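There are 2 protein chains.
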Amino acid sequence: MLHVTYDEAVAAMTAGLLRYLPEDKARRFAEIFAGNSLDGVYSHGMNRYPRYLSDMDKGLCDRTVTQAERVSGFGALEVWDAHFGVGPLIAEQVTCRAIDLAREHGIACVALRNNSHWLRAGRYGLMMADAGMMGICFTNTCMNLVAYGTTEPSTGNNPITLAVPRRAGSLVMDMAVSQYAFGKLEIMAQEGKMLDTPCGYDTEGNLTCDPREINRSKLMMPMALWKGSALSIMLDLMAASLSLGRTSLDIGRPGDGEKGMSQVFICLNPAAVVDAGEMDAQIERTVAFLSALPPKDGVHGVHAPGENLAATRQRNLREGIPVTEETWQKITDAAKG
Amino acid sequence: MLHVTYDEAVAAMTAGLLRYLPEDKARRFAEIFAGNSLDGVYSHGMNRYPRYLSDMDKGLCDRTVTQAERVSGFGALEVWDAHFGVGPLIAEQVTCRAIDLAREHGIACVALRNNSHWLRAGRYGLMMADAGMMGICFTNTCMNLVAYGTTEPSTGNNPITLAVPRRAGSLVMDMAVSQYAFGKLEIMAQEGKMLDTPCGYDTEGNLTCDPREINRSKLMMPMALWKGSALSIMLDLMAASLSLGRTSLDIGRPGDGEKGMSQVFICLNPAAVVDAGEMDAQIERTVAFLSALPPKDGVHGVHAPGENLAATRQRNLREGIPVTEETWQKITDAAKG
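These protein sequence lines are chains A and B, in that order.
Quick note: the first sequence uses our numbering, first residue 1, plus one each step.
Quick note: the second sequence uses our numbering, first residue 1, plus one each step.
Note that these hints are calculated values from the structure, not bench results.
Some clues are possibly wrong.
Note that the list lumps identical chains together, so a pair holds whenever it fits in one copy or between two copies.
[Claimed, not checked] Computed list of lysine to any residue pairs in SDA-like fashion (alpha-carbon distance at most 20 Å, straight line):
#1 336 to 43
#2 330 to 50
#3 336 to 301
#4 218 to 295
#5 218 to 293
#6 218 to 301
#7 184 to 277
#8 25 to 303
Computed from a predicted structure; not experimentally measured.
Take the sequences, apply the hints, and build the full model.
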């Protein structure tokens, strides 16, 4: 594992992106990749950079489109179309729009259709929370999971983020509706570890905790069996309906190339209706209570979601961002053009 | 198991509630209990009636308060205070308010503090969906679960509902953040059945699928281990912060008497920004796709959440609502005063 500084990472990725994007957009996109890794979300940061370049090469993502277009609106609810453009740049654009609308109306929602992969859900919730807002954002995906009750690919892992503003550092939950990321499952399979909870079927169709079996069958389920399945289906329907964009069914199976997701950005402005100081004090009481809980053996106690983000960011700024040699090689190769 | 008609059920419960409430409120409250059972949500319908009478007897719920008071508002975001009044009546009141605000602004949110138990989350989502809206509603609860990473009661099962309008019958997901209801766990323990997925610790602190062990330890966890824990914590913080109401920590442990919950009612008006017919056709495609999936052995295929609700309601209208003799006895006893 290498450690590279945030500035080195941004410079190298900006250089590679200049083949695709104008300079300001290239730099911002590089900052997003590096920023996600800086925050400790390595699975949706720099390691996704090579794949995103390839998506732009293949036309899965249209690099000529870096802004969404407003399709319709009524008060605090708007529909925008990303026209298959550069996902994270467009997601940031409509996040800013949702924040502006929430400042005006107290709550707002932008429903976005035809966007490319937005990388890290939590980024958009965090942007809202850092602006003093609460966020509820979710996206659909291709049908990378089997719904509980069948063995056919049928629903997405539809990541969702919930974010709450906090003076000492915003809180943010960022999770896919699957129990494990596919990458994590592969690592556990290689290490011969068993899962804590069954999250897929084996090739015989039995629930299993063995990641090797799920890797073989490709039959991963949503978390919590029927509950995660229901959540996944509803998030997909809400995102696609609000934006009149693609459903998971339209996006297709993983092999089809994941193109044109439907995404929802709901933003609430609590400071408009309650005292922000009182709210912060109340949040702090729960955070302190959770931190003080006796940890169960082998697990590092309980933390509010995102509570450790600021410390991770500081450590990575100080010591450099950890990145595999393979990923860094690809990034520096792309920079040479 | 007895079967009683909806009208019999409403009449009997109205009679008992007249000792607590004026006639119009008594009848509406009885319709809510009976309606929830009619829809097949037996766990949050007539069987909760005796407990709710007892909550009013004990003053846990203030029967003299049947309307919430508006505390503050900004555009489409409002805070209301229920003053520990009659939960489901007040939840219906603010649901109607959220629908009215969403008609005006495209999206709206009412944050409600100090409400009593609202019975069934799905009712409020369904009210929105039946009005052509989408709904996102959630409540916090007392700390009836242990968060992943500790063995102390520390978070709630915070039910959430997501609802989508549909001409053939609104879709609604209604779920607590625990894998199993406590009642279901008890039934499975009595039947000697094992759980499909570990959802609590045994008395030694190990993850277990044995419901008898969890009944002994009382250490039930949120669904999906760390994922459900994060979701539960965030829902609590959002509900309590937006309303400046009680957190799960304030509400306390189950033995404390669950009093004064914080609840959120978000309502979206998709028909204001997209064509309702196109939206309906799109939802129908996913519903049809899910229904046509090959069912895995022993499980009845996949359905969109709430898809079977209308059929259940029709059956219960035709054949009567199933109710245990014990519950019906309590209802008829209360009717005699």
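Output the indices of the hints that this structure fails to meet, ascending. Those not satisfied are hints 1, 3, 7 and 8.
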